[in-house]
Amino acid sequence: MINDFTIQVATVNGSGSQTANATLVDALFHMGLPVNAKNVFPSNIKGLPTWYSIRVSGEGFTARRDDPEILVAFNAKTLDEDLRALPPGGVMFYPDHLKPAAPRDDVSLYALPANAIMKEQEVDVKFRDRMANLVYVGALAQVLGIEMTAIHDYLTRNFAGKPKVVGANYDIAVAAFEWCAVNLTKTDPYTLRRMDATAGKILIDGNTAAALGAIYGGCTVVSWYPITPATSLAEGLIEWMPKLRQDSETGKATFAIVQAEDELAAIGMLVGAGWAGARAMTSTSGPGLSLMAEFAGYAYFAEVPLVIWNVQRMGPSTGLPTRVSQGDLLSTYYLSHGDTRHVILLPATPAECFEFGWRAFDIADELQTPVFVNSDLDLGMNAWMSEPFTYPEQPMKRGKVLSAEDIVALGGRFGRYQDEDGSGVGPRTLPGNDAMGAAYFTRGTGHTELATYSERPEDWQRNLARLDRKHEHARTVVPEPVVSGEGADTGIIAMGSTHPAIVEGRVMLEREGVDTDSLRVRALPFSPAVRAFIAAHERTVVVEMNQHGQLAILLRTEYPEFATRILSVAHCDGLPLTGAFVAARVKAALPSPTRPEEVNA
Amino acid sequence: MTSPAPSNPAPARPAALNSAGLAKNDYKGLPSTLCPGCGHDSISSRIIDAAYALGLRPHMVLKLSGIGCSSKSPAYFLNGSHGINTVHGRMPSVTTGALLAQRGHTAIAVSGDGDTGSIGIGQFKHAVRRNVPMVYIIENNGVYGLTKGQFSATADQGQTLKYIGTNDLPALDLCAEAILAGAGFVARSFAGDAKQVTELLKAALSYKGIAVLDIISPCVTFNNHDESTKSYGYGKAHEVPIHDITFVPEFDEIRVDYEPGEVLSVRLHDGPTVQLRKLGRDYDPRSRLSALALLEGARHGGELLTGLLYLDETRPTLLDTQHVHDTPLALLPEALTRPSPQSLADVMRQFG
Ligand SMILES: Cc1ncc(C[n+]2csc(CCOP(=O)(O)OP(=O)(O)O)c2C)c(N)n1
Ligand code: SF4
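In order, the protein sequence lines correspond to chains A and B.
Note that my numbering gives residue 183 to position 183 of the first sequence, counting from 1, and the numbers run on in steps of one.
Note that my numbering gives residue 12 to position 12 of the second sequence, counting from 1, and the numbers run on in steps of one.
Since the hints were made in silico from the structure, they are not lab data.
Quick caveat, the model's predicted, so the values are computed rather than measured.
Keep in mind that the hints are not guaranteed to be accurate.
[What the hints assert, rightly or not] Pairs of lysine to any residue, SDA-like flavour, derived with a Cα cap of 25 Å:
#: 1; chain 1: B; residue 1: Lys125; chain 2: B; residue 2: Pro316
#: 2; chain 1: B; residue 1: Lys208; chain 2: B; residue 2: Leu22
#: 3; chain 1: A; residue 1: Lys252; chain 2: B; residue 2: Ala345
#: 4; chain 1: A; residue 1: Lys252; chain 2: B; residue 2: Leu295
#: 5; chain 1: B; residue 1: Lys208; chain 2: B; residue 2: Gln322
#: 6; chain 1: A; residue 1: Lys162; chain 2: A; residue 2: Leu184
#: 7; chain 1: B; residue 1: Lys148; chain 2: A; residue 2: Gly446
#: 8; chain 1: A; residue 1: Lys252; chain 2: B; residue 2: Leu22
#: 9; chain 1: A; residue 1: Lys243; chain 2: B; residue 2: Asp320
#: 10; chain 1: B; residue 1: Lys125; chain 2: B; residue 2: Asp173
#: 11; chain 1: A; residue 1: Lys252; chain 2: B; residue 2: Asp173
#: 12; chain 1: A; residue 1: Lys201; chain 2: B; residue 2: Gln342
#: 13; chain 1: A; residue 1: Lys243; chain 2: B; residue 2: Arg349
[What the hints assert, rightly or not] Quick list of the computed label-pair ranges, beta carbon to beta carbon:
#: 14; chain 1: A; residue 1: Glu510; chain 2: B; residue 2: Arg129; range: 54 to 64 Å
#: 15; chain 1: A; residue 1: Glu561; chain 2: B; residue 2: Ser343; range: 48 to 58 Å
#: 16; chain 1: B; residue 1: Arg129; chain 2: A; residue 2: Ala101; range: 25 to 35 Å
#: 17; chain 1: B; residue 1: Ala20; chain 2: A; residue 2: Arg398; range: 50 to 60 Å
#: 18; chain 1: B; residue 1: Thr321; chain 2: A; residue 2: Pro528; range: 40 to 50 Å
#: 19; chain 1: A; residue 1: Arg398; chain 2: B; residue 2: Arg129; range: 31 to 41 Å
#: 20; chain 1: A; residue 1: Thr250; chain 2: B; residue 2: Arg267; range: 54 to 64 Å
#: 21; chain 1: B; residue 1: Gly302; chain 2: A; residue 2: Gly47; range: 51 to 61 Å
#: 22; chain 1: B; residue 1: Ile121; chain 2: A; residue 2: Gly422; range: 42 to 52 Å
#: 23; chain 1: A; residue 1: Glu235; chain 2: B; residue 2: Ser343; range: 15 to 25 Å
Each residue gets a CB set at the ideal place from its N, CA and C atoms; glycine is no exception.
Hey, can you work out the whole structure from these sequences and the hints?
Here it is in structure tokens:
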């Protein structure tokens, strides 16, 4: 089996396996192999089981797979269970001091002298647990054919400026590599061979990509509160902003990042900054989003641009904090009380995280509204292969901001909430505008077109009708869906990080003779292209990672005329979807081929 | 009653202009919709006086507020200023963001005791911790006005309100809270003391960090002493409904004027008497501990101490600690906020 299998590394949370795992992924990537890695970790700092699965796919698939062929069993507590789950013909690497309770003879078992190597390499007892992970790196390199130079390269880059650390780590990998060469007889069929599928590509997680996108989007105010899995997005900003956004002449920051006291304050700061004209953003996840509800409605109604990255985790409530889900679609769309409907962007790849990172600000400014970007844990925190990011193509769009001269030309009066072009978006001024009549008083309470307080029913209705027009206009401003395939009876609609599973699932279906087209929704409100896609298919299967089929619910609500043609495949167990799941469930959702004896007379 | 138009109007006198070349009128706001006699309106007038006296340019003033009768008041001063009326208790974070975006503005933020002392106590304390450069005015009436008379966190222990009963909890002293959280300018005053409020506002507006002004501002409407002509029952009988408040009794504003060092008893519309004591001229506001001790002493003595309680000009503000660019972040040119294509290529190489 060449270049097509999954390696699952089972370790103990907090045991420092991150370096070892990252080394493997990076080495595979630099051998030109399409690779994807997923960290399935507990909400805990130390001691609980954690799994890291690395999929190599010569065909380029990057979705999760259910059955890893190769198991690295470095966690005593899960060893037996992990071994039981191994498919026949699989292979297990384990430290020789752990003994499987029920060894299997239909799999290859490679016991590695981890402790002996630690001793021989004179690793300080303090570091043994952590460094022992390099033993499996060396062993996998020998047995599967990972290039040691690629391993050395990664360690050198990762521990730049610390040659001793590089040496200590590398020596262990080499010792394991050599031990395997001498002592181990390969009985498994798995091999890696250098390819050329990753040339020019990058390996990056979605949260870092989003942070970079925001930086290139001219984000100037960040306020955030720690929450998994959104924290690394803010940390990405903290890491990269000073490098990329220091004014070289004055040495001063062209940005401000504030760790708020809670999510209420985080979004409050965005409201202030957005109102005052800055490009402001935060990153959060479900519970934080719930806390932001009141201000989200405020910003929607007072029409303040701001950007919220919601890196989704599993809810409801504190849920599964370190597991993935697409369960916030409805709560985000309607976040806050009253008739609130928001703009949501739905990235599926790191490249899109980067693109939406800057584009979200353009959209927020253009529409004068909060823009949510619903990413998720899988996309945000795992490393993905990606094309290098494309520089924003046009200058920033700041939307309808009136200058002092504009106000003078208007005779010192402007209608902050007046719809002049049918887009529903009125003009605004920024604080500091000194023209007579430029200042206005923003509020979340009922207001007239001139932004004065009003409780008159006509004013209220006119305002809401305008906001509805703005929502319609938003359909033409947000990213269009991506359609693939043409002419099949069955369409698949999905969003976000399920994308790789949809791609692979469709190939699997095709191999079984089931032809499908697919549409990936990239934003809410839906573009007219979504309706056209549903209309063009006999049936549409909506595949998503939540319990109630939230995307399907929205589609049926939006297109009641097609409601019965919209079928839902929703699944939610905390793990990313697999291609096999998509194929099986889409197939099951299709009407069974009518057998002749069932034809009604 | 309309008075007959003067048959021979006097020629209009040119209005006196301040250092910004503006007349007092240029600092006016919309007509107030608060109950006539509400202490909050006196404070608005004092803000107008102070801003005029200092020659503030209205377009460089940000007006911010939360929710409550008090928080409506930014609409009633400085029409030429950019303003934002936010959500209940969360004005401090909005001000923080606004000033990060638009440094160089003077922020006048108005809140109530419910707004600051209850729902907003966390944001209040954190804005103080960050030393957000703003004037933070608490229009403190000890009750929730806009929701019609519930106890706020600054209500006196033992006080009784008709529908709510007796307040068993000790009052929060927002000046003490501000001092503890690190505020460098903390003052207390009484809305009826025009001179003191104006002077404190002028000082606060000139201060570079967060200046907290806790101004006792009587609520003329939530008056619960049935035996009093100023009671709820009395008011009800004379009801004049406006917006979301049930009735508006016609009270005169309470006005006081007294010398530093003096103690003055003032009877509020809702019955109780407050003992105001103005800090003496020799009071040195530079010790945190003495300021806190003084507040504690005054509380025990049932006095309301007024004046500048604490002053420290050494703490860096949020804008200093953030090393924020001298040009307001919101106005930076794209050349400074979007790194070059070359820089992106360099970043991409690091992930390749
Ligand atoms: C989240 C939220 N909770 C409750 C309210 C209702 N509410 C409006 S004003 C107010 C109290 C205002 O009291 P205070 O700040 O003391 O101001 P005052 O009206 O006395 O000037 C409350 C509780 C609200 N607007 N928002
Ligand atoms: S209810 Fe009280 S606080 Fe509100 S406007 Fe009337 S007097 Fe002022």
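Structure versus earlier hints, numbers of those that do not hold, lowest first: Checked against the structure, the hints that fail are numbers 4, 6, 8, 11, 16 and 17, while the rest are satisfied.
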